[in-house]
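From just these sequences and the hints, can you work out the full model?
What follows is each chain in one-letter form.
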Amino acid sequence: MKDIDGWKSVLTDQDRAKKYREYVTGWEKKIGSLLEWKLPEAGKIKSSEGILASVPFAVKDNIAVEGFKLTCGSKILEYVKAPYTATGVANLQKTGALVMGKANLDEFGMGSSTDNSALQKTNNPYDTSRVAGGSSGGSAAAVAAGIVPFALGTDTGGSVRQPAGFCGVYGLKPTYGVVSRYGLTAYASSLEVCGVCARTVDTTRTVFHAIRGMDGMDQTTIDYDPVSPEVKTVGVLKVEEGSLSEEVAASYRVSKDRLNKLGYAVKEIEIPAMEYVVPAYYTIATAEASANLARFNGMRYGLSPIFAESPDDLMRYSRNMGFGEEVKTRILLGTFVLRSGFQDQYYVRAQKIRTLIRQELDEIFTDCDVIMLPVFPTAPFHHGQSELTSFQQKQADVYTCLANMTGSPGLAVPSTLEKGLPVGVQFMAPPCGEERLFTVAEALEKEFPAPRPAGYSEEWRA
Amino acid sequence: MSDTMVNDKYETFVGLEIHIHLLTESKMFCGCKANYGDEPNTNVCPVCLGYPGVLPTVNQKAMKMGYTVARALNCRLSRKTYFERKNYFYPDMPKNYQISQFQEPVGVEGFMEFEYNDEIKKIRIHDVHLEEDAGKMIHAGDMSLQDFNRAGYPLLEIVTEPDLKSGEETEAFLRAFRRMVRYLGVCDGNMDEGSMKCDANISINTPGAGLGTKVELKNMNSPRFVRRGLQYEAQRQAKALDEGVKLIQETRLWNENRDITESMRTKEMANDYRYFPEPDMPPFCPDDSFMADVEKEQVELPLARKHKIMRKYGISSEQAEFIHDEKVNADYFEQVMALGADAQAVYTWLSSDVQKELNLLNMTLTESPLSPERFSELLKLMDDGKISGKIAKQVLIDVFEEDRDPSAIVEEKGLSQISDPQAIGAVIEKVMAANEEVVKAIREGEQKQKGFLVGQIMKETGGRAAPALVQKILSEKLR
Amino acid sequence: MNKEELLTTASLALLELEEGEVDRLGEEIARMLDYFEMMTKLDVDGLEPTTHAFQKTNRLRADVLNNNNNNNINNAFNRNLIMENGNDVEDDFFVIPNVL
Ligand SMILES: [Mg+2]
Ligand SMILES: [Zn+2]
Chain P
0 MKDIDGWKSV
10 LTDQDRAKKY
20 REYVTGWEKK
30 IGSLLEWKLP
40 EAGKIKSSEG
50 ILASVPFAVK
60 DNIAVEGFKL
70 TCGSKILEYV
80 KAPYTATGVA
90 NLQKTGALVM
100 GKANLDEFGM
110 GSSTDNSALQ
120 KTNNPYDTSR
130 VAGGSSGGSA
140 AAVAAGIVPF
150 ALGTDTGGSV
160 RQPAGFCGVY
170 GLKPTYGVVS
180 RYGLTAYASS
190 LEVCGVCART
200 VDTTRTVFHA
210 IRGMDGMDQT
220 TIDYDPVSPE
230 VKTVGVLKVE
240 EGSLSEEVAA
250 SYRVSKDRLN
260 KLGYAVKEIE
270 IPAMEYVVPA
280 YYTIATAEAS
290 ANLARFNGMR
300 YGLSPIFAES
310 PDDLMRYSRN
320 MGFGEEVKTR
330 ILLGTFVLRS
340 GFQDQYYVRA
350 QKIRTLIRQE
360 LDEIFTDCDV
370 IMLPVFPTAP
380 FHHGQSELTS
390 FQQKQADVYT
400 CLANMTGSPG
410 LAVPSTLEKG
420 LPVGVQFMAP
430 PCGEERLFTV
440 AEALEKEFPA
450 PRPAGYSEEW
460 RA
Chain W
0 MSDTMVNDKY
10 ETFVGLEIHI
20 HLLTESKMFC
30 GCKANYGDEP
40 NTNVCPVCLG
50 YPGVLPTVNQ
60 KAMKMGYTVA
70 RALNCRLSRK
80 TYFERKNYFY
90 PDMPKNYQIS
100 QFQEPVGVEG
110 FMEFEYNDEI
120 KKIRIHDVHL
130 EEDAGKMIHA
140 GDMSLQDFNR
150 AGYPLLEIVT
160 EPDLKSGEET
170 EAFLRAFRRM
180 VRYLGVCDGN
190 MDEGSMKCDA
200 NISINTPGAG
210 LGTKVELKNM
220 NSPRFVRRGL
230 QYEAQRQAKA
240 LDEGVKLIQE
250 TRLWNENRDI
260 TESMRTKEMA
270 NDYRYFPEPD
280 MPPFCPDDSF
290 MADVEKEQVE
300 LPLARKHKIM
310 RKYGISSEQA
320 EFIHDEKVNA
330 DYFEQVMALG
340 ADAQAVYTWL
350 SSDVQKELNL
360 LNMTLTESPL
370 SPERFSELLK
380 LMDDGKISGK
390 IAKQVLIDVF
400 EEDRDPSAIV
410 EEKGLSQISD
420 PQAIGAVIEK
430 VMAANEEVVK
440 AIREGEQKQK
450 GFLVGQIMKE
460 TGGRAAPALV
470 QKILSEKLR
Chain S
0 MNKEELLTTA
10 SLALLELEEG
20 EVDRLGEEIA
30 RMLDYFEMMT
40 KLDVDGLEPT
50 THAFQKTNRL
60 RADVLNNNNN
70 NNINNAFNRN
80 LIMENGNDVE
90 DDFFVIPNVL
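Chains as they are written, first to last, in numbering that gives the first Met the number 0: chain P, 0 to 461; chain W, 0 to 478; chain S, 0 to 99.
Hints listed in this document are in silico derivations from the structure and should not be mistaken for laboratory results. Just so you know, not all the hints are guaranteed correct.
One-sided and incomplete, this derived list gives chain P residues near chain W with beta-carbon spacing under 8 angstroms [to be verified]:
{"hint": "1", "residue": "17"}
{"hint": "2", "residue": "39"}
{"hint": "3", "residue": "77"}
{"hint": "4", "residue": "80"}
{"hint": "5", "residue": "387"}
A partial selection of chain W residues facing chain P, derived with a Cβ cut-off under 7 angstroms [to be verified]:
{"hint": "6", "residue": "60"}
{"hint": "7", "residue": "95"}
{"hint": "8", "residue": "96"}
{"hint": "9", "residue": "98"}
{"hint": "10", "residue": "99"}
{"hint": "11", "residue": "273"}
{"hint": "12", "residue": "280"}
Beta carbons are placed, not taken as given, at the ideal position from N, Cα and C, and that holds for glycine.
Right, here's the structure in full:
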């Protein structure tokens with residue numbers, strides 16, 4: 000029986016539903032992964048024949064689900080209810096799956112810890128003093144804790160893969176455009192995509208195929224034209240001494256050994272433009288964000304001052320009160336790099352660098368079926384910025400934002416536990432090479448399944 | 000105020016930014032109805048309200064109309080066009096950026112010809128680009144009411160080079176432009192309803208010195224106001240230069256109640272639109288079949304049409320002006336002509352009696368019961384002497400009222416002309432017998448009284464007696 | 000970036016920074032811009048900018064209304080929630096302050 004099938008009676012069987020509710024409540028007290036959740040009553044579930052019939056899942060709270068809030072982890076949208084449903088979610092609902100809650104995140108997806116959520120703190124299920132990663136920290140934590148078999152997240156620069164790595168679950172960033180962005184609150188439009196956090200490779204694959212598809216509401220969606228799923232050669236990114244923490248470096252070595260053991264041809268690779276990836280990424284991401292977040296002005300919805308003398312005041316107060324400092328910083332940065340006189344130096348140059356990075360990756364994929372690289376240079380860190388400052392956290396996006404710059408798919412795979420904390424490893428494939436990622440991940444999963452945090456239980460499942 | 004007062008001393012440069020609302024079913028980037036006058040905020044959806052997570056999708060018809068206009072304006076058409084975000088905060092603009100075009104608009108470097116003072120003028124077109132409209136604010140005391148029905152309405156902006164030389168010329172150009180977009184069927188051109196808007200920039204300078212300090216003029220919602228705004232502004236600038244006052248680059252609003260332009264006092268903030276390519280929509284590269292479709296949308300443009308009509312049917316410039324003003328009317332005219340008619344007669348009837356009926360019934364020619372066939376038949380009945388001009392006017396009214404062919408009306412009501420001299424003679428004798436006194440007076444030299452007899456004869460025949468025959472036979476009998 | 004540039008940028012972004020924010024955010028932005036300077040080391044001549052993730056072209060939407068049942072796309076929405084989200088709604092207008 001597939002892992003996901005055990006979830007089909009969790010909501011429809013009264014007894015299980017009760018135990019499930021207690022289980023969710025118990026975990027939520029510890030990790031705070033969900034901003035809002037409600038289990039449908041057993042009797043109210045329409046019988047469904049779909050492949051994910053009655054399976055509950057969580058959705059990152061920057062993805063619209065009609066009737067649920069759409070806070071984006073921000074004060075400015077704290078009380079806003081989504082009047083429509085994202086295409087990816089709607090596609091899942093067609094398979095019978097049920098949204099049970101909205102997962103916490105860094106405000107507007109800006110961060111790597113979920114500490115930037117203005118509404119709630121989310122803890123790592125393995126150690127509540129540590130972060131779950133971000134920005135899809137709530138999604139990853141909920142899956143790791145067994146609250147849901149899978150959750151949707153968004154990945155702009157690693158926001159699905161990094162928290163998945165931190166929480167010891169699978170985290171897929173699909174090929175850009177293969178999954179519709181309609182309903183995904185835009186942070187950096189040309190970089191991001193709706194992704195999947197799941198406990199097993201099989202579930203990841205099932206959900207990926209359920210959510211993907213050309214969408215009339217998103218003209219950047221593309222036809223999914225899969226490349227061969229076969230994997231023989233794995234390019235392993237050479238990582239310089241000292242770039243990774245001791246734990247992550249150790250885990251990365253283990254991952255490499257495992258590939259050898261599984262019989263893959265392993266080839267060391269280098270990406271010459273790697274050092275430019277982060278500055279170019281942040282230039283593009285913040286530039287696009289500065290425009291994407293301009294719509295939040297307290298006029299048609301969202302936080303609005305009690306008193307304002309003019310429309311201008313209303314907009315300004317609303318934005319001043321509503322946005323957190325990280326968001327403001329990125330809006331300002333993005334506004335600056337687009338200003339006339341600076342645009343060529345920053346924004347245009349970054350777009351050219353993106354072209355170069357793509358060329359280099361294309362070259363690598365001519366003789367590697369997939370590549371392996373770290374997810375994040377450190378294991379889950381403690382809350383606050385004592386271990387990694389906000390700036391260091393951005394620099395640490397280097398391994399994940401690569402896939403966002405090229406548009407190709409990336410998958411974080413749980414690798415080892417280091418000092419009791421999960422460390423993941425990442426695989427990337429050429430565009431529409433998701434099946435290759437699943438091939439490698441499944442081979443690894445067979446030998447080395449995802450870990451489980453203390454308190455994880457399946458006893459209430461079928 | 001006249002332009003010449005300024006033009007003697009200074010050279011005037013006027014450039015226009017014309018926005019037209021495209022006649023599409025749905026909005027530019029979402030499937031909401033593109034329609035005015037509905038209940039507030041009914042033609043809205045998450046997309047045009049700028050909700051988090053929504054994405055724009057390009058309206059195919061708007062894209063085609065954009066290329067159609069650019070082609071008609073002789074532009075170089077872009078083989079790869081894309082949208083950009085124009086960033087600025089405005090309460091009516093849901094996303095606080097306008098999706099517009101900048102680097103690669105649908106068309107650039109075109110020109111438009113129009114007639115002014117019997118001369119053909121050529122105005123260069125800088126570019127033609129697609130964009131979206133903002134919502135509408137209704138001011139109500141210390142509050143504003145926002146209605147986003149208009150937000151996302153497809154707009155086409157046409158930017159001219161500063162080639163226009165006066166307010167009067169600009170008005171003529173705008174009228175010609177309006178006529179052109181109506182010919183193309185892309186916009187109804189109603190400036191008073193806001194479906195066509197025009198901002199102007201104007202500068203004056205001593206002849207040969209090139210452009211002066213540019214002033215942008217807004218809020219002129221008719222071609223007439225554009226003329227008057229520009230005339231006022233040219234005068235104002237001339238006066239300033241005469242007095243040695245330095246002009247400042249600014250935006251001014253036309254105040255139609257006071258007939259003046261007024262400086263728009265806004266907080267001085269350097270605008271920096273930070274254009275960048277819209278990542279939510281891929282570029283559009285028109286293929287051959289799209290270009291062929293655009294070609295199919297091309298029609299004979301008003302200016303060419305007018306001159307063709309003048310040449311082909313031998314009518315005057317003023318007459319052709321009337322006939323070609325609306326494409327459907329020009330088409331109608333030519334259809335009637337093809338059925339065989341006299342151009343002067345067609346023009347005369349169209350411009351007077353037909354027009355009167357249309358106005359009365361608030362109808363356009365094409366939707367009226369007077370098909371070209373019926374019209375041509377009516378003229379033929381007159382030509383053949385079957386009915387008199389006077390009867391024809393009655394038949395015309397009947398065609399409008401009864402929606403039937405003129406010949407059927409004439410037949411059924413027995414309106415055909417009496418041209419049998421014996422029959423007319425009999426009526427005349429009857430009338431003369433009944434008015435012996437009058438007959439006597441005429442015979443004694445009072446020719447004026449003859450009209451009375453003619454009137455009586457016409458009355459007796461229900462107006463159907465052939466007038467020439469009546470005159471002839473009556474004269475004979477009075478002798 | 001000096002303070003004046005920061006404030007100009009903030010006004011373009013419609014953000015009015017408090018004094019503390021000017022310092023904190025200014026410092027972080029300066030750090031990032033320094034970091035971005037690294038990009039100037041790279042020779043980018045001859046590289047076309049990548050403005051869209053994948054250059055798929057010619058996606059146009061047929062000019063039909065949302066409620067047209069022929070277009071099998073996910074464009075449903077709940078108008079009541081839209082009006083409920085409005086901070087101040089009167090007679091279906093969104094109400095905002097006006098400068099007199
Ligand atoms: Mg414009
Ligand atoms: Zn709409």
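Hints, verified against the model:
1. 17: Violated: closest Cβ of chain W sits about 34 angstroms from residue 17 (chain P), beyond 8 angstroms.
2. 39: 23 angstroms, violated
3. 77: Where the cut-off is 8 angstroms and the nearest Cβ of chain W is about 13 angstroms from residue 77 (chain P), the hint is violated.
4. 80: Interface hint status for residue 80 (chain P): violated (11 angstroms vs cutoff 8 angstroms).
5. 387: 28 angstroms, violated
6. 60: With a minimum Cβ separation of about 15 angstroms from chain P (threshold 7 angstroms), the hint on residue 60 (chain W) is violated.
7. 95: Because about 4 angstroms separates residue 95 (chain W) from the closest Cβ in chain P, which is inside the 7 angstroms limit, the hint holds.
8. 96: Constraint on residue 96 (chain W) satisfied, holds at 5 angstroms.
9. 98: Not OK, violated: residue 98 (chain W) not within 7 angstroms of chain P, min 10 angstroms.
10. 99: The hint is violated - residue 99 (chain W) has no Cβ within 7 angstroms of chain P, the shortest such distance being about 12 angstroms.
11. 273: 4 angstroms, holds
12. 280: 5 angstroms, holds
In this structure, the earlier hints numbered 1, 2, 3, 4, 5, 6, 9 and 10 are contradicted, and the remaining ones agree with it.
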